[in-house]
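If you're matching them up, the sequences are chains A and B in order. At position 486 of the first sequence the residue is numbered 486 (full-length UniProt numbering), and the sequence of numbers has no breaks. At position 343 of the second sequence the residue is numbered 343 (full-length UniProt numbering), and the sequence of numbers has no breaks.
Relax, there's no trap hidden among the hints.
Where chains are identical, the list cannot tell them apart; a pair therefore holds if satisfied intra-copy or between any two copies.
Straight-line distance between alpha carbons at most 27 Å, and here's what the computed DSS-like set of lysine-lysine pairs gives: (1) Lys486 x Lys468; (2) Lys449 x Lys57; (3) Lys439 x Lys57; (4) Lys129 x Lys107.
If you are wondering where the hints come from, they were derived from the structure by calculation, not from laboratory data.
What follows is each chain in one-letter form.
Number of protein chains: 2
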Amino acid sequence: MDSIEVLEDAAAAPRRRERGGREARRNGPVTAPHLSVPYIVRNIPTYDILGEENLLKIEAAADRILAEVGIEFRDDPVALDLWNAAGATVEGLLVRFEPGMLREILKSAPASFTQHARNPAHNVEIGGKSVIFAPAYGSPFVMDLDRGRRYGTIEDFRNFIKLGQSSPWLHHSGGTICEPVDVPVNKRHLEMVYSHLKYSDRGFMGSVTSESRAEESIDMARIVFGRDFVDRNCVILGNVNVNSPLVWDGTMTNALRAYARANQAAVIVPFILGGAMGPVTNAGAIAQALGETMAGCALTQLERKGAPVIFGNFLSSMSLRSGSPTFGTPEPAIGSMVIGQLARRLNLPLRCAGNFTNSKLPDAQAMNEGTMSMLSAVHCGANFILHSAGFLDGLLSMSYEKFVMDADFCGALHSYLAGVVVDDNSLAIDAFLEVGAGKHFLGCDHTMKNYQTAFWDTTINDNEPFEKWEAAGRTDAATRANARWKQMLADYVAPPLDVATDDALVDFMEQKKAAMADAWY
Amino acid sequence: MDSIEVLEDAAAAPRRRERGGREARRNGPVTAPHLSVPYIVRNIPTYDILGEENLLKIEAAADRILAEVGIEFRDDPVALDLWNAAGATVEGLLVRFEPGMLREILKSAPASFTQHARNPAHNVEIGGKSVIFAPAYGSPFVMDLDRGRRYGTIEDFRNFIKLGQSSPWLHHSGGTICEPVDVPVNKRHLEMVYSHLKYSDRGFMGSVTSESRAEESIDMARIVFGRDFVDRNCVILGNVNVNSPLVWDGTMTNALRAYARANQAAVIVPFILGGAMGPVTNAGAIAQALGETMAGCALTQLERKGAPVIFGNFLSSMSLRSGSPTFGTPEPAIGSMVIGQLARRLNLPLRCAGNFTNSKLPDAQAMNEGTMSMLSAVHCGANFILHSAGFLDGLLSMSYEKFVMDADFCGALHSYLAGVVVDDNSLAIDAFLEVGAGKHFLGCDHTMKNYQTAFWDTTINDNEPFEKWEAAGRTDAATRANARWKQMLADYVAPPLDVATDDALVDFMEQKKAAMADAWY
Chain A
1 MDSIEVLEDA AAAPRRRERG GREARRNGPV TAPHLSVPYI VRNIPTYDIL
51 GEENLLKIEA AADRILAEVG IEFRDDPVAL DLWNAAGATV EGLLVRFEPG
101 MLREILKSAP ASFTQHARNP AHNVEIGGKS VIFAPAYGSP FVMDLDRGRR
151 YGTIEDFRNF IKLGQSSPWL HHSGGTICEP VDVPVNKRHL EMVYSHLKYS
201 DRGFMGSVTS ESRAEESIDM ARIVFGRDFV DRNCVILGNV NVNSPLVWDG
251 TMTNALRAYA RANQAAVIVP FILGGAMGPV TNAGAIAQAL GETMAGCALT
301 QLERKGAPVI FGNFLSSMSL RSGSPTFGTP EPAIGSMVIG QLARRLNLPL
351 RCAGNFTNSK LPDAQAMNEG TMSMLSAVHC GANFILHSAG FLDGLLSMSY
401 EKFVMDADFC GALHSYLAGV VVDDNSLAID AFLEVGAGKH FLGCDHTMKN
451 YQTAFWDTTI NDNEPFEKWE AAGRTDAATR ANARWKQMLA DYVAPPLDVA
501 TDDALVDFME QKKAAMADAW Y
Chain B
1 MDSIEVLEDA AAAPRRRERG GREARRNGPV TAPHLSVPYI VRNIPTYDIL
51 GEENLLKIEA AADRILAEVG IEFRDDPVAL DLWNAAGATV EGLLVRFEPG
101 MLREILKSAP ASFTQHARNP AHNVEIGGKS VIFAPAYGSP FVMDLDRGRR
151 YGTIEDFRNF IKLGQSSPWL HHSGGTICEP VDVPVNKRHL EMVYSHLKYS
201 DRGFMGSVTS ESRAEESIDM ARIVFGRDFV DRNCVILGNV NVNSPLVWDG
251 TMTNALRAYA RANQAAVIVP FILGGAMGPV TNAGAIAQAL GETMAGCALT
301 QLERKGAPVI FGNFLSSMSL RSGSPTFGTP EPAIGSMVIG QLARRLNLPL
351 RCAGNFTNSK LPDAQAMNEG TMSMLSAVHC GANFILHSAG FLDGLLSMSY
401 EKFVMDADFC GALHSYLAGV VVDDNSLAID AFLEVGAGKH FLGCDHTMKN
451 YQTAFWDTTI NDNEPFEKWE AAGRTDAATR ANARWKQMLA DYVAPPLDVA
501 TDDALVDFME QKKAAMADAW Y
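Extracted from the complex, chain A is given alone in its bound form (with noise of 0.2 Å):
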């Protein structure tokens, strides 16, 4: 028909904007380029499941379990001290609240906040209707297709790295996407922060396995923002969690409490397997969540007034048969509604976990769960959406091929929370009138001038006819997926970086190295 093949001719040499133009020749095909942002906005509600009356009951419970339970603090005399100056009961290491106390603190937490990146078209806002994306974190493995699962390395963190910074459907760099196994444990913080400030020109996390690694992480961000900007500014993000059930360990407080003080943003994680670290009943894990987050997050308004914190939520749920922790499951992903709804009523940014599975290949259950729960993670209005590309294998691997799925997923998401737009444009009454019954759409005005910006455009699914896929080698996601990685590192381009600010990182992270024997667990 003609009009497809007007349609072909121009979409072969899709015109793109300015912005992301030239990282999107670099990096192979960019499609739906017109969605490409620094962070979606968006413009569909949050998917609220619960009504007032069951959320002011979970907020009780929260409550009750702060107040008659507690939370032990332990390794952390400081933050003893302050909760007792801030009029909690503190009892050795446990720590009571009175209802609303945390609620109270709480108040001084910015509701949004702007992370900036050493690239500032790459800044993102925190909070509000904010949504970023951002890879999986933690895994001491990783994976390919060629190579099967194998420790993680720095070189693959780094490939991480360039693979996140080469999507336009990632915002943000991440965290320790994957432990690099073969950098001494001591000297690991050092060469990822520097990996994320070297390789990606986005926003990134620092460590938080020790008060020290948390500072250092802070200090090589000060080396590239300065140290005023920094002081004033978040420019780094560190990852903290609850020690689920109802406990805060004080490398965790320490760590917590070195961000906040250097107001940078703390995001407050509680690690609930239903069953195990909180009750089997999700309501419960819920009110449990609550707790544990709010004490979090009231801790670093008690270090310092005012620094921006996220509420974070990663709630899961364990198989009844082997006890094994189950990712991507039905009872998080709803439960994850209400700690949306609970964490807007304390006006706080949100952290969810995206993309999770426990399949151990790049395969139909990975993209089950992993769909699913990312579907979870943006209609529970996340703000920053840790995990969005890589997780297989419950979080004990990263995948090159799940990366490049996921990231195209995270592409399709711009789409679908860019909502229903309805304006005389989109109604196009105009174009019925010109068709009529009957008719097809496909060369009409309408058409022509929409369809560039009409559809999101998957690289790694497959929509050609049966006989066309079949000709191409009868490929499967994964083995596409395969392809788009490696062709994605070969086409990676480093993003500028100054010459003197490079050196006195490298200057910084060697002197800091020299320091210290090499240490191993």
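Based on the hints, put chain B in the right spot on chain A.
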């Protein structure tokens, strides 16, 4: 750990509810049997993304399309007469409708009705908060991992009925699950309806490919349910498609009227690939769908006031590079939310399409696109979700492996749609008081009381640790699904059907067949 062992032992022999228990033993592992129900009553709200103002704009656009462009009704003079008598403007084949006219006519259609199954335990309520999962519909090809893609046969057709009947997570036997291409075209409806009635005891759909085939489908239902019962109750559905844009073909309207005349429910479904059969912009395609569907639904009421009818939705997009239809993409997924809102404003039951994909394999793409599409269907409030299981290859192939994967996901959605229950038990305050900070919940009273009904448990997805998965053969989900459908077919037991009824059905079928020469197109 002792407590995990306790859980494992108990979970190995879960108590099963009486209902479903026998089937469960017959058909292999049914995990989470407490979730199995004849149909789901949703316990979460619909996901409403547009406000009143924008909905009114879309409704006004639909009204303008109906009034100013109109809809052609081809090859059905009776339909034109009905429209004329109802006050529409009929000029040749073109029918135009004053704003509000169709809404007024639609007031006689029931907001909800029961489709009776031959086993009353499998009756489904269609409307309100009900959610019913039915298999995919209409593929000429079938696929499995062993034999690849081939034309469907009556044996495949029966196999899919058996797989559906064996799944505790589907609620309806569907209709043309695949085309039985080895049966002459003019006799297929007889074999298909007979197979549904013989191998399943759930609700099903009849033929719509001609008025007489529709009537014969209904006649066969009358043999099972009795003529009077059928005149008063819905026992069969007929799925009729608009020839979008804005054309109703006589084949469809004659079938539609046959179902309505018999007080059976027609499902009225536009087929809009944005940019081809409708505008490339979502709002316009939605307005068109609303207009086309209202017209079809209203025609059922002109044929028989009060007949049950279902508002159908089938939005899709197309690849701008190849012109191919695409499935499981973000624009139809988000657009369906709006269709749901519009259907509820008409107070009509809603049908959506479920597990859409263009993938040619049961791979990551299939479940990425399928999961997004399926979640869209459950979020938008669809009561009857066709294409819930088996869909591959852009509706050209039914896949055995995808069928059981999708059915498993339907199971997960039973837990998802149960939402978050908030009550004293689920809030688990006593458990927190019992366990305290820093201990685990594995063996506590609350866990022991609730764990068997706490979480969905899959039969396809793998939740074992990597090493166990590796030792078990490193299977992907498709390989496990391949073993699963074979086991399900091997274990299948037909539901009882009394011999006299069976004989009467066979007699009817043989008589009709004997009166026709084979037609192959």
